[in-house]
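Enquirer: Chain by chain, the residues run as shown.
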Amino acid sequence: MLAHLPILQVIVPLMAAPLCLFINRSRVVWLFTLFVSGLAFLISSLLLQQVMTSGTIVYDLGGWDAPWGIEYRIDQLNAFLLLIISAISTVVLFAAHTSIREEIPASRHTLFYILYLLTLAGMLGIVATGDAFNVFVFLEISSLSAYALIALGKDRRALWASYQYLIMGTIGATFILIGIGLMYQMTGTLNMDDLSKRLPEVEQTRTVFTAFAFVIVGICLKLAMFPLHLWLPNAYAYAPSIVTAFLAATATKVAIYLLIRFTFTIFGLSFSFTHVPLQILFLVLGLAGIFVASTVAIYQTNIKHLFAYSSIAQIGYMIVGFSVSSVAGLTATLLHLFNHALMKSALFLALGAVMYRIGSTQLNKFQGLGRQMPLTMAAIVVGGLSLIGVPLTVGFVSKWFLVVAVIENGWWPVAVLILLGSLLAVVYVWRIVEAAYFKPALAGTETIKEAPLAFLIPVWILVIANIYFGIDTRLSVEVAQAASMNLFQGLSGVSP
Amino acid sequence: MILGLYNYWVVVVLMMVGFYIVIAHGNLIKKIVGLTIFQTSVFIFYISMAKVEGGTAPILTDGVEQYSNPLPHVLILTAIVVGIATTALALALVVRIKEAYGSIEEEEIQEKDNLDC
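Those protein sequence lines, which keep their order, are chains A and B.
Mapping to our numbering: the first sequence position 132 is 132, numbers consecutive.
Mapping to our numbering: the second sequence position 84 is 580, numbers consecutive.
One chain only, chain A, in its complex shape:
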């Protein structure tokens, strides 16, 4: 059983999705989905433990050997991502039953859980697989179900947002498909491990450069890197609250994983960063993303929009860490990936609670909520502090690592810019605090009560995780460091 964990990780949610149709009763389906997601979490914890003690796990599907059959390859990086995705999915699901009762008509509840499980299976599949074409297939499984999930939003703008995301997402995925095709044409293999060995032999050809360009642009569309982020704000703002909390914490993270996997493992560091001016390109776009998106976030009147733009800015930090292209920089990126998943799921879930109580996330409706929903608002404040990067929260840990990595590289001005970017976060978080705590409550809102426990428990689990991993950084830092060292080791064959 233990030997089959890599495939069970993907197949359990995938097979569970159609089973929901047979159950077809909202509450039971919810419990079933929660159980399946919990099972995925258990599997990913076991996998991480196994990888940390005994190294990379290689699993041949159907017993076919690697270059012919599809191989699942789990190293520290994969296991780390699997854990993040399944953990966030499980915690977010706790609130799902309560939240979607308000936001989605009862006849669509079963469909919601099916799509949710498919998205989860797709994302776990992208991370678990060691085959480049398999990545495309799982990418489309998760994306297509994500488009449908977003379209379930109450507002009609959800449909429009979903359509725009579909167009952009399909272009991105097709670009990745073209890139994979060109890679196959040059090397005759789709196995990532094999590709990494054969690509250096042909790396000076124009075809490989073209393949690289297509893959990188495709992935950057998926991860909403500035200036390819246009689909993200509306998609996050109008999707049902649960969907936003889940996707904001996981979907872009999976794309970051793909970026790391393709540049570091498949094309190799020397190709990605010396033959192609990726470093300076990503540094500039990452910093531009931080400043433009944070500034736009300040002017938003819908809090879901505000945090969606802040997500784009946070992706900017990850890209900057990536562009440093050192073990320290990559560690910072991976840490921020983990930490940002915790912050954003907490924040968007808390916004889901606000949505449940007052049916809107407009900033002007937040007046006086600090007194009426103290626990929910406190969660938003802690999440906001974490976004800014205040000590004792996770945000501080990853920004610290990022600044140290940048300084180690001698990029002083970049370190200053990163800190300035955090000041912008202070501004947009302050706007919420001001409305919630320092303005009088609106007339006729005296009856608003604290959010139900179904929300408060998962929100506070995430908030406490935000603080816990901000103080006790052993788990996250150890795994992130091991993963990035492993990536660099695989490249040069010597320990750094």
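Any given hint could turn out to be false.
[To be verified] Stretch by stretch, here's where chain B covers chain A in the computed footprint (C-beta under 8 Å, at least three residues):
| id | segment |
| --- | --- |
| 1 | 130–138 |
| 2 | 142–148 |
| 3 | 157–168 |
| 4 | 177–189 |
In case anyone wonders, no lab produced these hints; they're calculated from the structure.
Glycine is no exception: its CB is placed at the ideal position from the N, C-alpha and C atoms.
Given chain A's structure and the hints, the job is docking chain B onto it.
Expert: Structure of chain B alone, referenced to chain A:
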């Protein structure tokens, strides 16, 4: 050079035509048409890539030494299925958009959204 890469020229032209339609047209159905053309060009690309000069269909028979590569064909079958799913979902969304907005023109939808804000 030009004739030898005939298939690839077709791929490039189709790809650009499809991509242009997606970007330039405001009608949601036309955008989907463009997207489908764009995806189809990639299918042709994969299929052209698999052709081995002088090779036949990959069926084991006597007297044939060289076969075309069947793997890209199999891959592209998967991609075609994905493409159909995408088109179906996009069309379903357009139906819902038409019901909700009463229009499938990008500009009119944007206008109505701006009024809402």
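Enquirer: Give a verdict on every hint.
Expert: Right, here's what the structure says about each hint:
1. With a cut-off of 8 Å between beta carbons, the segment 130–138 of chain A has 3 residues touching chain B; three or more are needed, and the interface restraint holds.
2. Residue count for the segment 142–148 of chain A with a Cβ under 8 Å from a Cβ of chain B: 3. That meets the three needed, and the coverage hint holds.
3. Counting residues of the segment 157–168 of chain A whose beta-carbon sits less than 8 Å from any beta-carbon of chain B gives 7, enough to reach three: the coverage restraint holds.
4. Counting residues of the segment 177–189 of chain A whose C-beta sits closer than 8 Å to any C-beta of chain B gives 5, which meets the bar of three, so the coverage hint holds.
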